[in-house]
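Undergrad: Residue-level listing of the chains:
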Amino acid sequence: MPWQDKLGKVLTFEALFALGLGVLSKLLMVLMVIIMARVILHFGYLFSGRVLKPREDKGYLAEGRVETLRGLVDSILRYLVYFVAAVTILDTLGVGVTSVLAGAGIVGLAVGFGAQNLVKDVITGFFIIFENQYTVGEYISIAGVSGIVQEIGLRVTKVKAFAGDLYIIPNGNISQVTNYSRGNMRALIDITIAHEEDIDKALAVLEETSRHLADQVPEIVEGPNVLGAVDLSEYGVVLRVIAQAQPMHQWGVERRLRKAYKEAFAAAGIEAPYPRRVVLLKESKTPNS
Amino acid sequence: MPWQDKLGKVLTFEALFALGLGVLSKLLMVLMVIIMARVILHFGYLFSGRVLKPREDKGYLAEGRVETLRGLVDSILRYLVYFVAAVTILDTLGVGVTSVLAGAGIVGLAVGFGAQNLVKDVITGFFIIFENQYTVGEYISIAGVSGIVQEIGLRVTKVKAFAGDLYIIPNGNISQVTNYSRGNMRALIDITIAHEEDIDKALAVLEETSRHLADQVPEIVEGPNVLGAVDLSEYGVVLRVIAQAQPMHQWGVERRLRKAYKEAFAAAGIEAPYPRRVVLLKESKTPNS
Amino acid sequence: MPWQDKLGKVLTFEALFALGLGVLSKLLMVLMVIIMARVILHFGYLFSGRVLKPREDKGYLAEGRVETLRGLVDSILRYLVYFVAAVTILDTLGVGVTSVLAGAGIVGLAVGFGAQNLVKDVITGFFIIFENQYTVGEYISIAGVSGIVQEIGLRVTKVKAFAGDLYIIPNGNISQVTNYSRGNMRALIDITIAHEEDIDKALAVLEETSRHLADQVPEIVEGPNVLGAVDLSEYGVVLRVIAQAQPMHQWGVERRLRKAYKEAFAAAGIEAPYPRRVVLLKESKTPNS
Amino acid sequence: MPWQDKLGKVLTFEALFALGLGVLSKLLMVLMVIIMARVILHFGYLFSGRVLKPREDKGYLAEGRVETLRGLVDSILRYLVYFVAAVTILDTLGVGVTSVLAGAGIVGLAVGFGAQNLVKDVITGFFIIFENQYTVGEYISIAGVSGIVQEIGLRVTKVKAFAGDLYIIPNGNISQVTNYSRGNMRALIDITIAHEEDIDKALAVLEETSRHLADQVPEIVEGPNVLGAVDLSEYGVVLRVIAQAQPMHQWGVERRLRKAYKEAFAAAGIEAPYPRRVVLLKESKTPNS
Amino acid sequence: MPWQDKLGKVLTFEALFALGLGVLSKLLMVLMVIIMARVILHFGYLFSGRVLKPREDKGYLAEGRVETLRGLVDSILRYLVYFVAAVTILDTLGVGVTSVLAGAGIVGLAVGFGAQNLVKDVITGFFIIFENQYTVGEYISIAGVSGIVQEIGLRVTKVKAFAGDLYIIPNGNISQVTNYSRGNMRALIDITIAHEEDIDKALAVLEETSRHLADQVPEIVEGPNVLGAVDLSEYGVVLRVIAQAQPMHQWGVERRLRKAYKEAFAAAGIEAPYPRRVVLLKESKTPNS
Amino acid sequence: MPWQDKLGKVLTFEALFALGLGVLSKLLMVLMVIIMARVILHFGYLFSGRVLKPREDKGYLAEGRVETLRGLVDSILRYLVYFVAAVTILDTLGVGVTSVLAGAGIVGLAVGFGAQNLVKDVITGFFIIFENQYTVGEYISIAGVSGIVQEIGLRVTKVKAFAGDLYIIPNGNISQVTNYSRGNMRALIDITIAHEEDIDKALAVLEETSRHLADQVPEIVEGPNVLGAVDLSEYGVVLRVIAQAQPMHQWGVERRLRKAYKEAFAAAGIEAPYPRRVVLLKESKTPNS
Amino acid sequence: MPWQDKLGKVLTFEALFALGLGVLSKLLMVLMVIIMARVILHFGYLFSGRVLKPREDKGYLAEGRVETLRGLVDSILRYLVYFVAAVTILDTLGVGVTSVLAGAGIVGLAVGFGAQNLVKDVITGFFIIFENQYTVGEYISIAGVSGIVQEIGLRVTKVKAFAGDLYIIPNGNISQVTNYSRGNMRALIDITIAHEEDIDKALAVLEETSRHLADQVPEIVEGPNVLGAVDLSEYGVVLRVIAQAQPMHQWGVERRLRKAYKEAFAAAGIEAPYPRRVVLLKESKTPNS
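Chains as they are written, first to last, in this note's numbering: chain A, 265 to 553; chain B, 265 to 553; chain C, 265 to 553; chain D, 265 to 553; chain E, 265 to 553; chain F, 265 to 553; chain G, 265 to 553.
Chain A with its partners taken away, still in its complex shape:
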């Protein structure tokens, strides 16, 4: 019967004195835990600062991103130490953490599942920033959305599409990233000519026009190359030309090339590729048709 022992003790003087000492010793322990937590935190901050700096010197991590990451690491450290300290203090005071937490099981399950998206967002966000997958101002495609990056956070990335829509995308939704601003982009033009046209003549026209364009258009990095006949479609022969353009100029280059080839073909008398039909007029064999 623990309460009887306790009761018996309470009524004697020594017990009262011992109780006072016990309360005191508990408070001292709480104090010690708090001091230790602060000391550990202090050294933790120093350490995270040391670990994240050298890489900055090598130009591997930009100033701003190092700040973001160190902030994240520091606050994870802080919450971790605070949490361990709090549990230790509660334990010391006899609140019965385990029993409370067992009681919180059902709710905890729901919260744990509900919060996993949040954690996933931050983890993915950390890697996007750490691995420099994209930076503000680049043209990217993530989670089925294409546009210019406006803002990168640990939880969400904001992307502005060409149509003006602002997309707010939780980082956890981002699985694979397509970055259109790292290296040259390809411009590709497909032109159809009728089946009756002379393919060699058409290719010659394209080659010559391409030579002129390579000089005139500065955004072309690698001159337009005439690939040849890539398809025999229903309506004619499809010819393809590709070129390498500076990033974000590929569409302009494509429009420029398209117009030039079109006009060159018109000048050379190569027919516009309207759909053709061969029509066979006949009298039906059945009496009433």
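Don't take each hint at face value.
Derived BS3-like pairs: lysine-lysine, alpha-carbon spacing no greater than 27 Å straight-line [stated by the list, open to error]:
hint, chain 1, residue 1, chain 2, residue 2
1, F, Lys465, F, Lys546
2, C, Lys290, D, Lys290
3, G, Lys526, B, Lys546
4, E, Lys523, A, Lys546
5, F, Lys546, D, Lys465
6, G, Lys465, F, Lys526
7, F, Lys290, E, Lys290
8, E, Lys526, G, Lys546
9, A, Lys526, B, Lys465
10, D, Lys546, G, Lys546
11, A, Lys424, G, Lys424
12, B, Lys546, F, Lys546
13, A, Lys546, F, Lys290
14, E, Lys526, C, Lys526
Far from chain G, some chain F residues (derived; all Cβ distances over 10 Å) [what the hints assert, rightly or not]:
hint, residue
15, Arg302
16, Gly308
17, Val490
One-sided and incomplete, this derived list gives chain F residues near chain E with beta-carbon spacing under 10 Å [stated by the list, open to error]:
hint, residue
18, Val383
19, Val441
20, His459
21, Leu496
22, Val542
In short, the hints are calculated from the structure, not lab data. Each residue gets a CB set at the ideal place from its N, CA and C atoms; glycine is no exception.
Go by the hints and put chains B, C, D, E, F and G onto chain A.
TA: Only chains B, C, D, E, F and G this time, still in chain A's reference frame:
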């Protein structure tokens, strides 16, 4: 044999006295727990008030949203403290929380899984309000639904589509948000001309018309730019013009531009782009066709 | 060796007497648990009645729905109290709840997962009724099904589609609700005219007809507005008119407007928009085609 | 060293006697557990019989379905009581249920997950029968399959499609049920007329034909209503007529109406809606086309 | 300090003797566990044999399937008993099952999740065989695959498609089964006639042809019924005939009926349903088109 | 205060001696565990060798596959025994496995979930090899990929498609297997004839050609059977011929048959099935069309 | 009352001395744990070095990949040993790891689920490198993306598509790999000829042209084989030619072959395959059409 000890004690006077004292001490402990809970709650409210106010001063969080968030934080705090207090009291009274909860395991599993959507709704709702992803009156697209935001709650968002339908969307369903009311929107017009038309002439007509429109239409923020030939389709050359319009006026601007270009082309004698067919009439080689 | 101690005690008189007292004390405890459970239940009912009534006074919750919700809250309370009481009694009688439940683990896992849908149904059902997302007689769209609500329950919603099918939908399947009976609905008519037609003339005809219709059709809440040319399609120019109609009358209004515009165009000599083809007859250049 | 104590005791006479008594007492306990289980089962059966009967009197639950449900409830009860009794006996005999079950953890996880479908089937099956969602002979659509219900079980439902296929569908696969046999079904006929036709004349023909049909076709519950022009398609004006038919007769009614309207239009000289093309013959401007 | 006690004991003679006795007693216990396991297994086999036989007598379960099921039940029983015996023995020998299993937790989680498909396969396989959902030689459709069943096992079903492919399908992949060999199958023929044709005449031709076919084709179980006009398509009126055929002969019956109707229509001078176009030749209003 | 006891003991001579003996006894236990593990492993290898050999004799399992499976079984056994031994040793040395593992819980959860794919791969791989679902060189279709099996491993299967791509497919991705190399494959040819053609004549031509082909083409296992009219399409009557060919020769047979039928039809004067249109030229009724 | 005992001891001299010794002994234990961890790590590194080297000698694992894998194995080892050491130290110092971790349960659940993607990435990355599924510079298709591998890491793979986009793909997203650079690739050309053409003549032209091409094009590994008629389409007979080309040259070879066949057909007078229509002009039977 605990019940025998208990029994033996019950029959002596001291034991009865001790029992009385024990019941009293338990009641005192319950009272103390209740008082402590109220004190902790009081300070918790003060703290949440202090944390959420300064940001309001910086204009970062609007009055209404701060109220919503503080209400949420306060009630989470309240339920948390009540819950810990209740478990501690039950423990003191010897009800055996763990054993009850172990018994509740199966049901708890079902409830925990069933309730995770609710938790997810509130967590997502919290971030939507806190990060100001959209506000009432903005035109947004969430969870496959587009419309004007009517109401933002912690659990659901109500959106009124243009067709008049009222969508009630649990916040947990919202993963990425598209906001059409933050910055200018693009108006885009594609016009097809026949392959035989002179591209340069058509572009000149578009350029001139665009210059007039930039002055006449006040909703255009950035004058209509003629991009050029964006496609060589089956039926002709596709020309594109884009402009930047004020948010929510992009459709009106598009209609206006479309009509103007159409009429300018008609005036310039550039043919309407009906589908064309080249028909080759022939006699079939097979005897009966 | 507990059974030896037990055995030794059983053979003495005091032990027998003690055993009798022990059984008695256990039965008393069971009785006490039962009485306490009933008392707690009684106060719980009173409380749920007090919490759910005031809101009814404010017209926020209709009579019927308050009944449904209170029934739900009361039965959850009842099962909870009964369950805690039963476990406490079993514990007192020494049945070993934890050990039984550990044994039930595998089955429990299966049942817990299998039953989570049931829990999800009731939770979602609770919020549908509590938040008044839809009521009997409204035209809604849920879980890919559109129709008139016939019955709302805590587990299922019954919807009658226009084609007469009765849909029985578990509430857990409902994630987002579209309600077509809260506010005006839009009527939208698209009419195509040939590219050769005069757009201004066509718009004038539409405007005039709309003015007449605004007066004649009482279901139109906001007069038909002629928006202009919304598309340049392959076959002509697409003109759009929209109007706001009373809920559930939008289809009737659309039919009425459609017929009126069609007849007005016919009267004004604006051509019916059959698909057009420009046919270029030619002799093929290749010898045998 | 427990085995040393045990060993020392085994070698003395008293210990042997005590051991015999211990074994006896254990066997008595096992017997008592068995007797109690049978008694509890007996009362459980009585109770389930009482609970499920009254509803039958109200005509709410048909005889057969009450049998099925009571069988289910009784066997769940039986397995539950047997299971608790078995675990208690094993515990008494000292087999160490928890340790065995901990050992069975991995397999148990796999079995638990694997078996959850089975549990889900039975739970869903219970509600289908209890809520009378469909009965044998009704025409329903579940889990993407439409047909006549042949058999409803707790685990599977058998549906015979019109094409003769027998579908065997686990009840857990059924989330929403569409029942086509509860109330009248709609018959809907869409007829296209050419854009040049007089809409009013066509509507008059439809109205008159409908009046005749309402009398002649007994399966029509609510006379065919001519709605008007529901679409302006590429090829003409689409007119719609709807009617309410007895369940399962809607297709027959549709065929009957369709033929009648078609013949009425032919008699009234309203043209058959073949696709129309406006063909503009022209000479191409480019030299070689 | 348990090792000190142990050490002190080891050095005395009595302790050594006691140790020997302890080892002996442990071995005896292991032996007893093994004997008990065999006895339990023996009775388990007898029982499973008794339970599964009576049903066979009623012709409900075929010989082969009873064998398969009994084999499954027996091996589950065997592994279960062996497992419980092994854990009990290890426990007796003091290996510390719980501690090992705790250590195996991570791997166990992975294995448990990985193996759940295997368990699901066997559970589904059990029900397919027990409920006789299909047997070897029947034409079925499962998991998106149609063909003749070649082999049914507890883990996989092998299906041979008409194209000759052998599908090996884990039973866990099978959720709903379509069996085409249980009852008559429907043959359905849709024939389109031109809008100008006389529907009544066409129906009369179909009726008469059907009467002849009902006599000539023995695979037709229920004579071909002419349903009427099921659709008014772009190109004509669609007429439908359906018949009931013996299972697996429906395709042959369809081919036979199709040819007969086609020839009857040709004989009756009803036109072949080539797509029709109404062509309106016109001069374009715009100057250059 | 365990450390005080320990401390007091440390300072006496006997305690030091006892400590030395304790360390020694622990090392002996570790040694014993290691020896036992090796002995158990040895017998385990013998056993797995015995179990897997007999089946090889029956020709059921090929040499190579038995090697693969035995390697798998042996390494699972090895890791299992090593693991149990390691945990037992750590336990003996007092490292506190449970406490370490509790600490590893979070990471363990992540690893356990992350590794389940690996386990699933190996389990599926085991069954593919054990059940001989496909072997190197067969033409199969798994996980949406078709090609010749190049290599079967426990974790991945490598498949070489006809286009030359090498697919590396984790076995866990494979749910159902289609094997095209077990038994004859079907060759199927559909030929369309115009609606005006005589079906009987066309069928006679097909029959006769088929008879010749059955003799000439050795890869045909079961002579081409003319099925008849399988569809009445927009453009004509579709006739079908099927044949059984040796596996992997079905495409060659199809090409051969196709060419033969095509030429036979040409010789018999049966018209090539170009799409047909019935064109109705007319004057439009509206004034300006 | 543990604190009273502690208190009593604190006030005596011996207790103080004992306390000092206790602290000392704890520090010694911590030191010992650290030393042991370092020793274990040292041997672990040696071992991982020995295990991974021999394979390198056999040319099975390239230098760079062995480095990557050894780095991974070493850091896993390091974190594992550090982790076990840290928990043991905390345990020694009495921090109560279990209680802290129980407290971390909810957060841990969320983190564990959130981090499983990370673990999956690394596991998949390990196997990609270890099994040499692809290397930098190869043309592959993974996770719906095709391109040249730029970089393989343990967490992500970077792929550069032909269009210039840089794809950053977490390895966990990669389930099946298609490698286009291991062995020859197929070039496939389909050419359609009109139904009236002589198939044999067309095949002869293809055969002859193929013989010339086999000599002229060095990238062709296995001469172009004329397969024959692979389809009878609406517009003609489809002939197919396939060839084996060196990897990455298949597209160039296809273009080359396509042009050659096209020109050979033109030279041989085989008609270009424009879509054909048989047009049946007729007078409609209905009065007004």
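Undergrad: List, from low to high, the hint numbers that the structure doesn't satisfy.
TA: 1, 13, 14
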